[in-house]
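**Q** Positions 1 to 235 (my numbering) are the ones given, in order, by the sequence shown.
There's no promise every hint is true.
To be verified - PhoX-like cross-link-like pairs, simulated, lysine-lysine; straight-line CA separation at most 25 Å: (1) Lys227 to Lys175; (2) Lys175 to Lys210; (3) Lys175 to Lys94; (4) Lys175 to Lys150; (5) Lys94 to Lys150; (6) Lys169 to Lys204; (7) Lys94 to Lys210; (8) Lys204 to Lys175; (9) Lys176 to Lys204; (10) Lys150 to Lys176; (11) Lys169 to Lys150; (12) Lys227 to Lys176; (13) Lys94 to Lys169; (14) Lys204 to Lys94; (15) Lys176 to Lys210; (16) Lys150 to Lys210; (17) Lys227 to Lys150; (18) Lys169 to Lys227; (19) Lys204 to Lys150; (20) Lys169 to Lys210; (21) Lys176 to Lys94.
It should be emphasised that the hints constitute simulated quantities derived from the structure, not laboratory data.
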Amino acid sequence: MCGLGVTAMPLSSELSASAIRNQMVEGQIACRGVSDRRVLAVMRTVPREIFISPNLKEAAYADSAVPIAEGQTISQPYIAAAMLQAAELHDNDKVLEVGAGSGYLTALLGRLADRVYAIERHAALTGAARERLRALGYDNVELRTGDGSKGWMEAAPFDAIIVSAAVLKVPPSLKKQLALGGRLVIPVGTPDEQRLVRLTRTSKTEFQEKYFGAVRFVRLIGAEGWKRTDEPQQH
Numbered sequence: 001m002c003g004l005g006v007t008a009m010p011l012s013s014e015l016s017a018s019a020i021r022n023q024m025v026e027g028q029i030a031c032r033g034v035s036d037r038r039v040l041a042v043m044r045t046v047p048r049e050i051f052i053s054p055n056l057k058e059a060a061y062a063d064s065a066v067p068i069a070e071g072q073t074i075s076q077p078y079i080a081a082a083m084l085q086a087a088e089l090h091d092n093d094k095v096l097e098v099g100a101g102s103g104y105l106t107a108l109l110g111r112l113a114d115r116v117y118a119i120e121r122h123a124a125l126t127g128a129a130r131e132r133l134r135a136l137g138y139d140n141v142e143l144r145t146g147d148g149s150k151g152w153m154e155a156a157p158f159d160a161i162i163v164s165a166a167v168l169k170v171p172p173s174l175k176k177q178l179a180l181g182g183r184l185v186i187p188v189g190t191p192d193e194q195r196l197v198r199l200t201r202t203s204k205t206e207f208q209e210k211y212f213g214a215v216r217f218v219r220l221i222g223a224e225g226w227k228r229t230d231e232p233q234q235h
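Given the sequences, and given the hints that come with them, work out the whole structure.
**A** And the structure:
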């Protein structure tokens, strides 16, 4: 049954990290409809605990978001997997991630795509994520601190864009930076009521929309996002 996977990862557990990740995938992700084999494989291999503060590592594989620095969170494992599946990634894709946070989703993307460009608003998070990814041997990921709502024009167009923060309206810059046939996955709605949306670019001016389940993310702060930062955190 779903929800009966890992609730905590005791540091003294006799289970290996690999076994715990397998439990997470089977008990929290696959049973909820994530079936993309490549997504499930990277969820089984990327060490989520590396991207969480040492004092919270026992919650690394729990079925919930976990707080990180700067008042942000690392998304629930299922939500990360659902976003990756919705993006329909290919191994030759160039991907933009908005809201890199601790770097966990960045690491997953680095295993699924050819090249990843990740933007984070908080410089401290950017630096920490860069160090983690470097230590894990990633050489296909580039991170920078900046306004993610405006995208990364110099590296556009992107085959996929994943945004880990919510907007009332999809930023025009992100739509413009999407390649023909590219997919933009983003939470859209108010701070209290959001849906995960995928926009697929079908022509220069047209996009096909598909809606997924209800989600709740922190707000995307920036010139084409929210202007204030006093809202509840992600759950």
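**Q** With reference to the structure, classify each hint as holding or not holding.
**A** How the hints compare with the structure:
1. Lys227 to Lys175: Roughly 20 Å between the alpha carbons, so the hint for Lys227 and Lys175 holds.
2. Lys175 to Lys210: This hinted pair holds, its Cα atoms lying about 15 Å apart.
3. Lys175 to Lys94: Holds, at about 15 Å.
4. Lys175 to Lys150: holds, 10 Å
5. Lys94 to Lys150: holds, 17 Å
6. Lys169 to Lys204: Status holds; Cα separation ~19 Å.
7. Lys94 to Lys210: Distance of about 21 Å is within 25 Å: holds.
8. Lys204 to Lys175: Holds - the C-alpha atoms of Lys175 and Lys204 are around 10 Å apart, at most 25 Å.
9. Lys176 to Lys204: holds, 8 Å
10. Lys150 to Lys176: holds, 10 Å
11. Lys169 to Lys150: Since the Cα atoms of Lys169 and Lys150 sit roughly 13 Å apart, the hinted pair holds (cutoff 25 Å).
12. Lys227 to Lys176: With Cα atoms ~21 Å apart, Lys227 and Lys176 stay inside 25 Å; holds.
13. Lys94 to Lys169: OK: Lys94 and Lys169 at ~24 Å, within 25 Å.
14. Lys204 to Lys94: Roughly 19 Å between the alpha carbons, so the hint for Lys204 and Lys94 holds.
15. Lys176 to Lys210: holds, 18 Å
16. Lys150 to Lys210: holds, 22 Å
17. Lys227 to Lys150: Holds - the C-alpha atoms of Lys150 and Lys227 are around 13 Å apart, at most 25 Å.
18. Lys169 to Lys227: With a Cα-Cα distance of about 13 Å, the restraint between Lys169 and Lys227 holds, given a limit of 25 Å.
19. Lys204 to Lys150: Holds. Lys204 to Lys150 sits at ~18 Å (cutoff 25 Å).
20. Lys169 to Lys210: OK: Lys169 and Lys210 at ~15 Å, within 25 Å.
21. Lys176 to Lys94: Holds: Lys176 and Lys94 sit about 15 Å apart, inside 25 Å.
The earlier numbered hints are all upheld by this structure, with none contradicted.
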